[in-house]
Every structure is written in structure tokens, then in C-alpha cells.
Amino acid sequence: MMSFFEEALRILYAAILMGAVVFVAVTAESLHYKTLSGLDKRAGRSSARHIQMPFGLIKSSFTRTVILPEGACVPISLYGPVFVFSAFLPVCASVPFCTPVPLLDNGSDILQMFQFFLTSEALAIISIASISCPSAHAVARRMAKDAFDYMLPLVSGFASIAWYFNIAEPDADPFSLSSLSFLLHEGAMGLPGIVGALLFILLIITHVPHNGSGMGCALFSDGELAEYQGCQRTIMQIWGMLRSYIIIALVVYSIFPWDYLKSQVSGAAISWWFQALNLLLFWLTVIAVRFLPAPLCWRAAGYLEKRFSANARLLLAVALAFAAIALVVGDAVRLSLDAAAF
Amino acid sequence: MSYRLATGYFVWDFLAWILIFAVAAAVLSVCITLVLKRQNGRFVRSGACSPAEPDIFSALDDKIYAFRKDCVEPWLDMENIHIIAVAVLFFLFSLAVFCRGAGGGAI
Chain A
1 MMSFFEEALR
11 ILYAAILMGA
21 VVFVAVTAES
31 LHYKTLSGLD
41 KRAGRSSARH
51 IQMPFGLIKS
61 SFTRTVILPE
71 GACVPISLYG
81 PVFVFSAFLP
91 VCASVPFCTP
101 VPLLDNGSDI
111 LQMFQFFLTS
121 EALAIISIAS
131 ISCPSAHAVA
141 RRMAKDAFDY
151 MLPLVSGFAS
161 IAWYFNIAEP
171 DADPFSLSSL
181 SFLLHEGAMG
191 LPGIVGALLF
201 ILLIITHVPH
211 NGSGMGCALF
221 SDGELAEYQG
231 CQRTIMQIWG
241 MLRSYIIIAL
251 VVYSIFPWDY
261 LKSQVSGAAI
271 SWWFQALNLL
281 LFWLTVIAVR
291 FLPAPLCWRA
301 AGYLEKRFSA
311 NARLLLAVAL
321 AFAAIALVVG
331 DAVRLSLDAA
341 AF
Chain B
1001 MSYRLATGYF
1011 VWDFLAWILI
1021 FAVAAAVLSV
1031 CITLVLKRQN
1041 GRFVRSGACS
1051 PAEPDIFSAL
1061 DDKIYAFRKD
1071 CVEPWLDMEN
1081 IHIIAVAVLF
1091 FLFSLAVFCR
1101 GAGGGAI
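Top to bottom, those sequences are chains A and B.
In terms of the working numbering, the first sequence is residues 1 to 342.
In terms of the working numbering, the second sequence is residues 1001 to 1107.
Here chain A stands alone, though its shape is the one from the complex:
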């Protein structure tokens, strides 16, 4: 009986933490929105951002009439977003943001996260496509392209780093989010590897789904799909914000020194104040990255978008990804050869 209550309490704590992550993601988006609007006002420009303020949007959408276009597949377009969001929550639970209440064991496992990223994306595309409008199909196709765009550097980056880690630390788990953090803080990585990893980070942040005005919610920006309204649309929009935020959180976690510190400082994993400090510092860092470096990367990408043709951009992205893989893998080969010579 006692163990049942303990389990229930653990699940409740974890649910509160996941809720807190969603809240922080929406708050970060709101703060960014307010800052942009403030800057627009100060410069005397009328705000060109058609997306509503996130908290206001959530509040109003649950009282607004549910509208579906003619010909939409009702069960999927109405309840599909629910499954999209639910499939994304295990990713949220996997980010080891707070070690005292892990709901999923060994939460920083990358393979586990990718499965849910993929499931959630597939469900989202199905949900949008079920609206059965030409404009909805266009949005679904754009979503598929966006998913491909951000998943490719994410997968190739973590796979290359896992390969490096497998050579540097053969006994440890290479598919862990903290692999890069260990390599960087132990000084095991050579300069080419570090440059390659930084290039991956840059590529991942640049490809985080976002809209033209720097908001993390790329979905239904600029008043798209006006004939699809209601709480189901809001769930999809919150999912969009959360997705962008969690991708940034994954990148930040991969260089955050918590796991390394835990292995170095005795009692760090047990002391509650140290864990609380870690939690606070981690989320503040994620908000900071969301606030400045991420929009800067997006602006740079937007600038390139205007200057170069689609083919040139694709070529540049592929060349940078290959360069990053070559740098990390090349450094790993060097390390392996050094070990063999020794």
C-alpha cells in the first residue's frame, strides 16, 4: 500500500514538473513576444506580428467556438492534437531537468527522445492533413519539411558525438545527452571535435522551427488556417512552442556541466540545494539561449534566405553538416589512432 502511494506521489511530482516545463516554455515565448512588441513600439513601427500573445491565446481559446472546415475528418482533426501533445510529453519527461523525481529511468537517453519526437511529428502532420483543405495540406507539407530540417542535424550531431564518446569512454553510455558535456569538461575532445560540435549546435539552433518574426511557435503563424479554430488549435500551438523550447533545452543540456559535476563532487547528486540550484540554473540558461542566441541565429538564417537561392542554401546546410560530421569523426579517428599507437 505504501509503495502504491509512493509511486502515485512520484507520478504526481513528475506531472507537476512536466506542467512547469510547459509553463516555462509558454512564459519564455510570452517574454520574447513582449520584448519584440516593446521594441516595435519604441521604434514607432506597428507590430507586424499576427500571432497572439501566448497566455491570452490559451485563455481565450477555451471559451471560443470550435470551428472546423467543411470536409475535415472530425475525430482526427478535433482529437488528433491531444495525441500529438501527449506523445511529446515523454520527451519532456526525459530531459533530466530535476533528478529527484525522474519518471523515466535514465531519462537522458537520446534514442528514447527521438522516438517520441518522431511519433509526435507524424501525429501532428496527420492531424493537420486531416483538416482536408488545400491550405492545410500546404501547412502539413511545410511541417514535414521543418521536421526533416531540424531532425537531420539533431540526429547526425548526437550520433557523431556518440561515436566519439564510444571511443573516448568505451564503458559509458554513448547515447546520453551528457556525452558532449563530459567530453568538453574532461578536456578529452580535440580542437577539431570542439569546432565540429559547435557547428552542430549552431545548425540545430538555426533549424529550430520558428516563424519569420522570431517566435518559437512556427505553427499557424500569420493567421494561417483561419477556418480551423478552437482549443484543438491552441493545443497544437502550445505543442509548437514546447517543441522549439525543448530542442533548445536539449542543446543546452548537452553542454551543461551538471552530470560532470555530479561525478566529480561527492554528494552533489544527493544534496537538495545543489539539485535545486542546478534546476534553476539550467532553466535560466535555456531561457537566456531562447532569448538571445537563438533569435540571432534565426536572423542570420533569414538573411541568408534572402541573399541565396533555395538550392544554394540547401547546399550550404548540407556542406556545413558534412563538415561538422567530418570534424567530429576525424577527431575521433585521431584519438583512436593515438590510443592504438600508445
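Treat each hint with caution, since some may be false.
Listed next, with one range per pair, are the computed distances between beta-carbon atoms [said to hold, decoys possible]:
id, chain 1, residue 1, chain 2, residue 2, range
1, B, Asp1061, A, Thr285, 37 to 47 Å
2, B, Pro1074, A, Pro192, 40 to 50 Å
3, A, Val333, B, Asp1077, 49 to 59 Å
4, A, Asp338, B, Ile1064, 36 to 46 Å
5, A, Phe308, B, Asp1061, 20 to 30 Å
6, A, Glu70, B, Pro1074, 38 to 48 Å
7, B, Lys1063, A, Trp273, 55 to 65 Å
8, A, Val318, B, Ala1066, 33 to 43 Å
9, B, Asp1062, A, Lys306, 21 to 31 Å
10, A, Lys59, B, Ala1022, 22 to 32 Å
11, A, Ser37, B, Leu1092, 52 to 62 Å
12, A, Phe322, B, Val1027, 39 to 49 Å
13, B, Asn1080, A, Gly330, 36 to 46 Å
14, A, Arg42, B, Asp1061, 23 to 33 Å
Hints listed in this document are in silico derivations from the structure and should not be mistaken for laboratory results.
The beta-carbon is built from N, C-alpha and C at its ideal position, and this holds for glycine as well.
Chain A is already provided as a structure; the job is to place chain B on it using the hints.
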């Protein structure tokens, strides 16, 4: 029945996955149902759909289609494709078996 897949590296807790998914889905479904109930269980049909924006992916689609037509379909249309497919799979399998241990620690 085991709900956990534990290897030396990771632990996948299927029960926790199902639990998180099911609880979240149930809560959100109830939310949507309640919102619909406020509207007497009905939703509004918006009528005509908005026109699609100019399709920026059509060029990409054309390329994919051309690739499929020129590069993939000739292979699929071959007479002995089944035997070739089995042979390729066998080759990949033997490659995986004989190169075991080549990746990772020793290159």
C-alpha cells in the same frame, strides 16, 4: 509480462511511457469534450476553405518525382528484383556479422 527493456546502457520503461501518454491524452480529451459541451456538443462548420498559398515545394516535388521515375522505378521494374533484394540483404547481413567490433573502440 515485463514492461521494462533494460540493456547495459539504457532502460526503457514502457509502462511509464503508456502512463504519461494515456493520462495526458485523457486530461486533454476531457478538456476538449468540456469545451464542446459548452457549445451543446456541436462545432461550427466554417464552410469554404481558404485557398492554398503558392506552393513553394512544388519544385522539390518535381525533383523527387523525377528521381523516383528515373532512378528508383527502373530497379523496381527489373525482372529478378526479388532475388537481387535477397542477395543484397544477405550481403548486408554478412557485412554486419563479419565487421562486428570494427566500429567503436577499434577502427
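Hints, verified against the model:
The beta-carbon spacing between Asp1061(B) and Thr285(A), approximately 41 Å, falls within the hinted interval of 37 to 47 Å. In this structure the hint that Pro1074(B) and Pro192(A) lie 40 to 50 Å apart at CB holds, the actual value being about 41 Å. Range check, Val333(A) to Asp1077(B): Cβ separation about 41 Å, and the 49 to 59 Å hint is violated. Restraint check, Asp338(A) to Ile1064(B): a C-beta distance of roughly 44 Å satisfies the suggested window 36 to 46 Å.
The given range of 20 to 30 Å is respected by Phe308(A) and Asp1061(B), whose C-beta atoms sit roughly 21 Å from each other. For the pair Glu70(A) and Pro1074(B), the beta carbons lie near 42 Å from each other, so the given range of 38 to 48 Å is met. About 57 Å separates the C-beta atoms of Lys1063(B) and Trp273(A), a value consistent with the hinted range of 55 to 65 Å. Distance hint check: the CB atoms of Val318(A) and Ala1066(B) are about 19 Å apart, inconsistent with the given range 33 to 43 Å.
The hinted window of 21 to 31 Å between Asp1062(B) and Lys306(A) holds, with their beta carbons roughly 24 Å apart. At about 27 Å, the CB distance of Lys59(A) to Ala1022(B) agrees with the hint of 22 to 32 Å. A C-beta distance of roughly 55 Å is found between Ser37(A) and Leu1092(B), which places it inside the suggested range of 52 to 62 Å. Checked against the given bound of 39 to 49 Å, the beta carbons of Phe322(A) and Val1027(B), roughly 44 Å apart, stay inside it.
In this structure, Asn1080(B) and Gly330(A) meet the distance hint of 36 to 46 Å, their C-beta atoms being roughly 41 Å apart. Roughly 43 Å separates the CB atoms of Arg42(A) and Asp1061(B), a value that falls outside the hinted 23 to 33 Å.
Checked against the numbered hints given earlier, the structure breaks hints 3, 8 and 14 and satisfies all the rest.
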